[in-house]
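Chains R and X, in that order, are what the protein sequence lines are.
When we follow numbering that gives the first Met the number 0, the leftmost residue of the first sequence carries the number 0, and every step to the right adds one.
When we follow numbering that gives the first Met the number 0, the leftmost residue of the second sequence carries the number 0, and every step to the right adds one.
In short, the hints are calculated from the structure, not lab data.
Do not rely on the hints blindly, as some may be mistaken.
Stated by the list, open to error - With a straight-line cut-off of 27 Å between C-alpha atoms, the simulated BS3-like cross-links for lysine-lysine are: (1) X:Lys70 - X:Lys53; (2) X:Lys39 - X:Lys15; (3) X:Lys15 - R:Lys417; (4) X:Lys13 - R:Lys417; (5) X:Lys13 - R:Lys387; (6) R:Lys387 - X:Lys51; (7) R:Lys14 - X:Lys161; (8) X:Lys204 - R:Lys417.
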Amino acid sequence: MEDRKIIIEETNGEKTLLDLLQGRGVYVPAYCGGSGTCGKCRVRILNDPPAVTEAERELLSADDLEAGVRLACLTEPEVGMEVEILAGDEAEMKVETSFSVSAEALRQPDGQGSGKDLSAPAKASEKGSGQNEQGSQDRQSGQDEQSGQVEACSAGSPVVAAVDIGTTTIVMSAVDAGSGQVLGTAAGVNHQRAFGADVISRIDASNRGKGAMLRSTILRDLDLLQGQLGLPAGTRRVISGNSTMQHLLQGLSCRTLGVAPYTPVDISLHSYENMTILPGISTFVGADIVSGIVACGMDRSEEVCILVDLGTNGEMAIGNRDRIVCASTAAGPAFEGGNISCGMAGIPGAISAVTITEGRAAVETIGGAPPAGLCGTGVIEVMYELLKEEIVDETGCMDDEWIEDGFPLAEGVTFSAKDVRELQLAKAAVRAGMEVLLQAFGMDYDGVGRVYLAGGFGQKINLEKAVGIGLLPEELLDRMEPVGNSSLAGAVMAAQDPSVLERMARTAEMAQETALAENPLFSDLYMEHMFFPEQE
Amino acid sequence: MSEVLEQIATMLQKGKRKDVAKLCQQAIDEGIDANEVLTKGLLAGMDVVGAKFKANEIFVPQVLVSARAMKAGSEVLKPYLAGENTTGKGKVVIGTVQGDLHDIGKNLVIMMFEGKGFEVIDLGVDVSPEKFIQTAIDENCDIIGLSALLTTTMPVMGEVVKAAEEAGIRDRVKIMVGGAPVTQEFADSIGADAYTEDAPSAAEKALELLAG
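All chains, please: the whole structure from these sequences, using the hints.
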């Protein structure tokens, strides 16, 4: 752990302790971006703690307050103040680092057969085939420093860091560019969380003059993961991620991202000396989706497929090698355990499986730890069970018995009537988005080949239960395929074979975005799918 | 109370648009005053809808179908209510602020306001401060209602308050704010008159503001 006690020796006119700590690169999570509403930026003031504010009284326990715990965003920094940084709840966060894409998707062009399977990478593919000019230059520039630095690296070939920068987490794989082998993968928290949990709060922070700090934060995180993988400084990076993350990393202004018509400054493919930025489609459909489309081979397949990423912005794409249409819906973080009263990240103690019989719940947790809350998978499980047991009806109304205090799942963990409503909003947005996308493409269920479910949640999801609550259409159940972190998978492919960059650029250019907010069909379907399917 | 008015309220809660329209016509044909059909039928029904929504018993889609039913009923009553501000509760201009395209929350608030008998002018989404102020002046509104769903567009609410001051109408309009990222502290900081957590409370708060 980093040094956790700090004595304030000078201040530079910072209004809050949070600002001061951020300015010095000390990580304190602040999901709400420092507006005094999330209660995450807890610090202990060791000498003479300031008076307790109303918000602190609401968000912190009496014991904590007594012990001098305050919120950094509500505390005015003073010279001589002794501050202890308290551990966040995210030290053990489980990050989705795996990806599995169909062998067919990874088949080489020109009928070279299934050369690269990401889960069991090819031993020695022809080095240098299909490199584009920029790619080969970059590779050579890093070669001397890199060779021999990673043990498993084949002699003389450069190692490239393939990266997915998510709003919450960052995952990096070390890829031997010669053999295509994935040498190792590391993951960590995106410490930009100190500036807010969602993209909008990051955009807001950037607009308030914190862009440089956000940039140095992400660069530090990348260095950290690179260090963990034993990669030297200067290792070339291939970066996938949503458009906001790409803007912040490149130091671009985020001013136009957060207000209609939400135009990006630059989301095209860029090759800097040691860094390749993968291209995106729009402000809300970024390089992470382009990566996913290519990783799943949608840009080459004749069959029309669907990719759905179940994150905070439920992004989705439909299409094949001739045409791709995409969209994003503001689904909210319910599928990641966010906005749910007892929701939590997928860490030990999070309930991930639920069965309810005769009004009693039996739960399983991640790591078998005592139940502490619900992760996204658990949220779907409990919702399905509540519907099956008719504790919640198809309109989402909870039985009188539980409507006040919520349905108890375990000691201290309940699922409230309001949680049901949050989930209804989220699942309706995803489902309606899928239907509109199908319609925009001019396709019905029968014409769809596969449905790829991306995101950490997609890997562990119980598909039958997801269909049971109406999140996904029953008609497509037999064609659904969880693919894990397809954004990382795409970055790895681009690191293995620079010709993939051309596919990504083509995909980004070809893909059309359909705006859901202004689409009356979307509004209708959104309302329709807020209800749950009738239980049999 | 007349049986037909009770039926109107019940059918409205169920969202039966055609039934509500038919029953409103029937009530008029029976010689019941249009104003009474409105208040004791339609608005009484919407009141129950608002209360149930607040208690988590019903949700957005049900409120929406009820609101559609109310609209169908209002259309029938319109010729009989011609011109006059039928309930005299007040006039509200409402919209989502510039740069923000979210409208579901705003639409819910509108339904609740109408359910309380307010006359509402809906400016839609992405509305500039100037347009709010001009409408408030031209239409002689009592309340300006502002919605924002993004932290990045919230500051526009403050601009509307300032614009109202500059236009010299601040003392005669109440400004209400709402939306997921909005808090009471934020409302205070920009000098808004009221913030509420949900749509039904907004309509109740509006009644209070104009009464007080």
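*Is the hinted pair Lys387 (chain R) and Lys51 (chain X) satisfied, with a Cα-Cα distance of at most 27 Å?*
holds, 24 Å
*Lys14 (chain R) and Lys161 (chain X): Cα distance at most 27 Å?*
Distance ~24 Å between Lys14 (chain R) and Lys161 (chain X) Cα, so the pair holds.
*asked:* With the threshold set at 27 Å, check whether the alpha-carbon distance from Lys70 (chain X) to Lys53 (chain X) stays at or below it.
replied: holds, 21 Å
*asked:* Tell me if the straight-line CA distance from Lys204 (chain X) to Lys417 (chain R) falls inside 27 Å.
replied: holds, 22 Å
*Take a quick look at whether Lys13 (chain X) and Lys417 (chain R) sit within 27 Å of each other, Cα to Cα.*
holds, 22 Å
*Could you grab the alpha-carbon distance between Lys15 (chain X) and Lys417 (chain R) and see if it respects the 27 Å cut-off?*
holds, 26 Å
*Would you check the hint for Lys13 (chain X) and Lys387 (chain R), treating anything up to 27 Å between C-alpha atoms as holding?*
holds, 24 Å
*Given the hinted pair Lys39 (chain X) and Lys15 (chain X), is their alpha-carbon gap at most 27 Å?*
holds, 17 Å
Of the numbered hints stated above, none is contradicted by the structure.
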